[in-house]
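Participant: Each chain, written out:
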Amino acid sequence: MLLNKRISIFDFLKTIKFDLIFIGSYSILVGYMDQYGFLSKISIPIAITGVFGTAVALLLGFRTNQAYERWWEARIIWGAIVNDSRTLVRQCVSFFARGQGGYQKMVKEMTDRQVIWCYALGESLRKLPFSTRVKVYSESYGIKAFNIPNALLSQHSETLLKAKEIGMVNDFQQVQIDSTIARLCDSMGKCERIKNTVFPKAHSLLIHLIIYVFATMLPFGLDDKNIAVEIAITFIIPVIFIAIEKTSILMQDPFENDPLDTPMTDLAETIEINIKQMIGKTDVPVKKEPTDYYIL
Amino acid sequence: MLLNKRISIFDFLKTIKFDLIFIGSYSILVGYMDQYGFLSKISIPIAITGVFGTAVALLLGFRTNQAYERWWEARIIWGAIVNDSRTLVRQCVSFFARGQGGYQKMVKEMTDRQVIWCYALGESLRKLPFSTRVKVYSESYGIKAFNIPNALLSQHSETLLKAKEIGMVNDFQQVQIDSTIARLCDSMGKCERIKNTVFPKAHSLLIHLIIYVFATMLPFGLDDKNIAVEIAITFIIPVIFIAIEKTSILMQDPFENDPLDTPMTDLAETIEINIKQMIGKTDVPVKKEPTDYYIL
Amino acid sequence: MLLNKRISIFDFLKTIKFDLIFIGSYSILVGYMDQYGFLSKISIPIAITGVFGTAVALLLGFRTNQAYERWWEARIIWGAIVNDSRTLVRQCVSFFARGQGGYQKMVKEMTDRQVIWCYALGESLRKLPFSTRVKVYSESYGIKAFNIPNALLSQHSETLLKAKEIGMVNDFQQVQIDSTIARLCDSMGKCERIKNTVFPKAHSLLIHLIIYVFATMLPFGLDDKNIAVEIAITFIIPVIFIAIEKTSILMQDPFENDPLDTPMTDLAETIEINIKQMIGKTDVPVKKEPTDYYIL
Amino acid sequence: MLLNKRISIFDFLKTIKFDLIFIGSYSILVGYMDQYGFLSKISIPIAITGVFGTAVALLLGFRTNQAYERWWEARIIWGAIVNDSRTLVRQCVSFFARGQGGYQKMVKEMTDRQVIWCYALGESLRKLPFSTRVKVYSESYGIKAFNIPNALLSQHSETLLKAKEIGMVNDFQQVQIDSTIARLCDSMGKCERIKNTVFPKAHSLLIHLIIYVFATMLPFGLDDKNIAVEIAITFIIPVIFIAIEKTSILMQDPFENDPLDTPMTDLAETIEINIKQMIGKTDVPVKKEPTDYYIL
Amino acid sequence: MLLNKRISIFDFLKTIKFDLIFIGSYSILVGYMDQYGFLSKISIPIAITGVFGTAVALLLGFRTNQAYERWWEARIIWGAIVNDSRTLVRQCVSFFARGQGGYQKMVKEMTDRQVIWCYALGESLRKLPFSTRVKVYSESYGIKAFNIPNALLSQHSETLLKAKEIGMVNDFQQVQIDSTIARLCDSMGKCERIKNTVFPKAHSLLIHLIIYVFATMLPFGLDDKNIAVEIAITFIIPVIFIAIEKTSILMQDPFENDPLDTPMTDLAETIEINIKQMIGKTDVPVKKEPTDYYIL
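Residue numbers (my numbering), protein chains in the order written: chain A, 1 to 296; chain B, 1 to 296; chain C, 1 to 296; chain D, 1 to 296; chain E, 1 to 296.
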């Protein structure tokens, strides 16, 4: 996730450097050809270029909007994970019967597993190898399923069942905590949906294509009096459109390893701190001051 | 569903080949007529063509947006099916009383039926004949209803009732699992709604019509100096509009057998693997590496 | 509801015939006047007409979108009615205690009333006189309320209460079924809301007005060289705008008796077939193949 | 709420009469000045006016959309109030134990209070003095809170508590009815939110301002050949923009006393009729045929 | 939050004074250069400026919309906090058993803590130091967690547990009240999500950039006849775009200390008055008449 700091404009320009070079070369080439070469006889009425530009702008607006929606939805889902993690631990703390011996152990077991679940979900969404912490945990519990986070939720239910069998929660409370686990399961599935559904490729291709068609038409609509102005316009306008498109591409996949990503590691840390403090622990991790212009 | 691979642009062009041929012929014809024939006297102010083009772009934006919404909603519904399938099995595993003899059998029964339900729903939405697996299952259980998936949900409730009668679940747990079944029933109905509600035909027709009206107006607004440019513009701009329209048409019906479809078979397989591993089975299907640029 | 068949374009044109005649006459009249008469001195810069046309297009886009939303919401509500009808019957079937004598009778009573409720709701939304079936039912049960569907839901609760009094359902199940009835009550109220809230009249009027203002301005922006082209443009563009507006008007009221209506009768039949099969009945109605291009 | 009747266009024009007079005078003045006076030397390229007009149209579109959303949300909330009022009474009727003496009285108490609540909420949202009926009720029950509707909901809970204490409802039913009261509480809070959150003033001002800037620029882009046409255009286009803006302003505050208001009094009457008939009362109010083109 | 009063336009202009000065200087400079200097040879076709302006308008529309959504969502969340605070207290009042001694004390404890929670949440969202009242409360209860509002919710659960242990609420009621606390926890998390997710920086930068690119292109598209008009246009149009952008920037972060903020302090006061009156207290704070044009 981007932080509210001054980001380097060069970092951004680097992501579109091939487009910059290509459009730059093209605009200079066409600029000279249009002035001196055989292209000087071709002209396209500027009104047509205008209509086309409006269509490009509209489609970019649509694209930007959909990408934003995906990015924002990802953030909403992880917000819900934060809330439900807290609710889960709060319910365990206040529902489990305290008189009995295993109270501390059982609440700790749920809390620890919930922390691991958050990290495991983030890592599996990013298709990263699991961190040592998650690996150690899942090996020590003999979890072998393909979907580790889902297996962890099953273990939550197992613990809950054990709690019920020894009379630590009643029927009613079991069902209430189960609802919280079901919501966590929902959030997990929603993340997987966004991860696994690529933005319609045909749309992406078409929009990329028409920006280049527009860039190609543009110089022929300009009058040929001033070559510097012509090259500047032929360069700047398409580059801005490409930049807008690029921003959308970065936003539309909110679970990759890039600066516009959902800050899952950071959120998992926040959850860890919050819920460990809720069960009275003091050995919570300390958040480091971010050194970069974004956090993951 | 499209995969994040390079798709062949020719596959896409094939879907609009008739429009390509028609607009191509038209643009060449009008290009020559406008140059040499009696059409050379007709001219339409380019600003009018511009306004009209803006209207076309706006309506295409509306169309694209609605098609995208339908496609995305379909994906959300199947995401909910994934989640609720997992939740259903997790609830069965942890709610059913283990002491009794039938525990394993009953959990397996629910899991197997849920797997069949997913495949049956996908196949009935695609209006395909049921696969052998679904047919064998529904015949062995004597299901004769028109709506097989709905009948399977009724059987879920029957099993649940049996479980309650032999004391395997209590009132409270029965109702909680019933809520999960009710959500599956909702998802099923939502799929049927999208499948059975055609996108307003009048809108589709109007948008198709005005693209062609625009294509007809376009050449008369261009000046007649360079026939090659005129033909190129008369060809490319309408083709791009048609391509955008076609993409929407492919997306607006997310339960057909085309590349932009919801990957229901693939999702059903994921569900099968996930929920079979949740009840400790190891004979889960192995997902094949997709060989095409899309999965169903 | 429209079916996915070829609809007759003439059916659609008939709905806007007065506009067609009016705009046709106007465009011919102005075309001649502008050529030969005193109007030839008036000219409006085409760019102004352009801006105005863009505003018209934007407002039509807004209009189309809102109308589509209303139409789609109506469809979502009836989808929920389908789901909740199935859930209601499934719950009755599996919650009511079977040992007792009245089981069959009570389940049938709920199912029959639910079928009647669907037809009654559809008919009262369309402000049609109730069909014989509904009339016979409500007379035989002595229902005299102004709002028949609401009274039917009250009777559902009465039956449920009776079931509880004779020990056929427990407290828990009563409340669960009551939630389903509450959702049906919600859907009913949502339909009434859409039916009773007219689309803001001032908006409709303004949009209609500005299309005509645009149609009036249009010919004065065209050059006067070719009268046939002028008349054609003055005719076609406003007609397309009117057609888009008309489609919105048809869609914005989804509970009238027109082709773009929500197919409530058809959905009620589907519900009847589904839920009668759920209680093991075989005398379900057979759906007729639709003979028209739409179903109600 | 507007009814689906022919409304007088003059009623609408009256609401923007100051803008009409101002813009009318301005357009005549500028028309003459531009023709004969010192302004004749000023000209603004019509394309700039065009861009600006497009921006105005886009912002008006945004404005209209947000206003519509607020208006529609208000309608949805009151629709939910209708539904939950019916559900509340249906639950009281079927949950309260009938054997006991106080059944009739208690159901009537809840129903009467719910009716009063609807009127009181409507009146407090409109910032009107409470009607005699509400005043008499709240005085007879000694309610002194600032927020009368909220106090009425507290009394609902009190009655419910009493019902539980005398064994008229069980724990389960108390909680279920409490959920319905909580939903009514939500709807009340949502109405207050819309009422108390003014549409961002800066936006309103900016949009109003740029319409006038546009109106000021407009005549200088027109050629000066025909003064009547110039005055007409300078008058009509801004007036239409102002009219669209005015409609939005009327819609954005859906709880005032104007024709585009949410018809809270009418809805409260509908609720009264519905829920009184549900408890078997026959002295329901008769709805008067509306005499005006709108209802409140 | 802005009040529905006349706000000083100067307050608003002050927030964009640097842009005003910069654009003002630029437009005067370019105006003179274009008239007399070497820039007079550069001209950009106004249609290109037009297309670009349309793109700017569209992106501003997108920006405005997203900012509005964030602002409105913040308002919805706080509306939910108002509702759930009332519901929480209403449930405590009517669920807690009255016979026992601690009734008054326990209800008061919940109510007081809920009031503190609202103030604490508002203050921590604004990153303000906690007010004396909150500080005194949290010190007297020994709360040391980093997240004070979350710790207060944990204490709610503790009180509830105590209530259950002494038989003041039953299982059922405990779970129902716990659901209300879970909703408050959700609202808290949603606020944190909006607070911690900065609006995509790349978008903000791009939009700011293209407004300035547009401002730079603008004068070269104007004809050079009248320098005053040129300077006026070069100044006014970009300033309006900047003003629209600024309004969005103010709205997109709804938990800062600015006039377009969510009025959290005011809402917390409303909650305090409402819920204290619900438990029969009369020492409620009196709302002061706001003296400024906005409230916090």
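Take these hints with a grain of salt, some might be off.
Where chains are identical, the list cannot tell them apart; a pair therefore holds if satisfied intra-copy or between any two copies.
[To be verified] Think about it this way: if two alpha-carbon atoms lie no more than 30 Å apart in a straight line, the pair counts; the simulated DSSO-like pairs of lysine-lysine are:
#1 Lys-17 x Lys-276
#2 Lys-17 x Lys-108
#3 Lys-162 x Lys-17
#4 Lys-281 x Lys-195
#5 Lys-246 x Lys-201
If you're looking for bench data, these hints aren't it; they were derived computationally from the structure.
Participant: Of all the hints numbered above, which does this structure not satisfy? Sort the numbers upward.
Facilitator: 1, 2, 3
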